[in-house]
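**Student:** This is what each chain is made of:
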Amino acid sequence: KNQVEQSPQSLIILEGKNCTLQCNYTVSPFSNLRWYKQDTGRGPVSLTIMTFSENTKSNGRYTATLDADTKQSSLHITASQLSDSASYICVVRGLPVGASKLTFGTGTRLQVTL
Amino acid sequence: NAGVTQTPKFRILKIGQSMTLQCTQDMNHNYMYWYRQDPGMGLKLIYYSVGAGITDKGEVPNGYNVSRSTTEDFPLRLELAAPSQTSVYFCASSPREYRGNTIYFGEGSWLTVV
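Respectively, the protein sequence lines represent chains Y and G. For what it's worth, this note's numbering labels the leading residue of the first sequence as 1, then goes sequentially. For what it's worth, this note's numbering labels the leading residue of the second sequence as 1001, then goes sequentially.
No lab work stands behind these hints, which were simulated from the structure alone. Each hint should be verified, as a subset may be incorrect.
To be verified - Simulated crosslink set (DSSO-like; lysine-lysine; CA at most 27 Å straight-line): (1) G:1009 - Y:1; (2) G:1044 - Y:71; (3) G:1044 - Y:1; (4) G:1044 - Y:101; (5) Y:71 - Y:57; (6) Y:101 - Y:71; (7) G:1044 - G:1014; (8) G:1057 - Y:101; (9) G:1009 - G:1057; (10) G:1044 - G:1009; (11) Y:57 - Y:17; (12) Y:57 - Y:101; (13) Y:1 - Y:71.
The following block holds chain Y by itself, in its conformation from the complex:
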């Protein structure tokens, strides 16, 4: 069964600090991996999309890495801001490409405090 597991489940950091969120998946065959940010009470918003040939992709202070061999991804947030407080969801698309081939993780809830 295709699964996406994220860790930690929740995380509290001080403003200005860096953090790294983890995503492990068993989806096979693999098409791409996405990271979404979901603010409380809002819909998810895409941060990055990576295919199997991409190791790193950045979006401002967000940097995602992918190791397709070990089926692991991480999302690194640099110089965190209060506005980074949200849930971060890892989503993996399998093959063949199809609407039913997205597997969502349960998310990491990040809280950035003063």
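We have chain Y already, so just place chain G on it with the hints.
**Tutor:** Quick look at chain G alone, frame taken from chain Y:
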């Protein structure tokens, strides 16, 4: 700059009642989706559509119905509401079922069945 618009934002239903969650997108996307998000769980696909007049079941379709008469609109119908349908519902759309395409989500509809 509307994107994907869902209504209502909040709704309380009594067991056995029916209702329709409305979803419209103004990006001329072919693909539209309905997901539900339960506490501590990843998003689950209820139904999806690859274009006007075409719909298909996702992972958790029981108790729901959809229609797609136009490119813009994709309403989700709940018949005979049950407490198990208490959840947050997200409508989403994407240009086409291409591996690298971003999926755009609406703001969510909070439904409570009592």
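**Student:** Each hint needs a verdict: does it hold in this structure or not?
**Tutor:** Structure-based check of all given hints:
1. G:1009 - Y:1: The given pair, whose Cα atoms are some 33 Å apart, is violated under the 27 Å limit.
2. G:1044 - Y:71: holds (22 Å)
3. G:1044 - Y:1: holds (14 Å)
4. G:1044 - Y:101: holds (11 Å)
5. Y:71 - Y:57: Within the cut-off at roughly 16 Å; holds.
6. Y:101 - Y:71: holds (16 Å)
7. G:1044 - G:1014: This hinted pair holds, its Cα atoms lying about 23 Å apart.
8. G:1057 - Y:101: holds (12 Å)
9. G:1009 - G:1057: holds (24 Å)
10. G:1044 - G:1009: Given pair residue 1044 of chain G, residue 1009 of chain G holds - Cα atoms ~19 Å apart, limit 27 Å.
11. Y:57 - Y:17: holds (20 Å)
12. Y:57 - Y:101: Distance of about 22 Å is within 27 Å: holds.
13. Y:1 - Y:71: Distance of about 15 Å is within 27 Å: holds.
When each numbered hint is compared with the structure, a violation occurs for hint 1 only.
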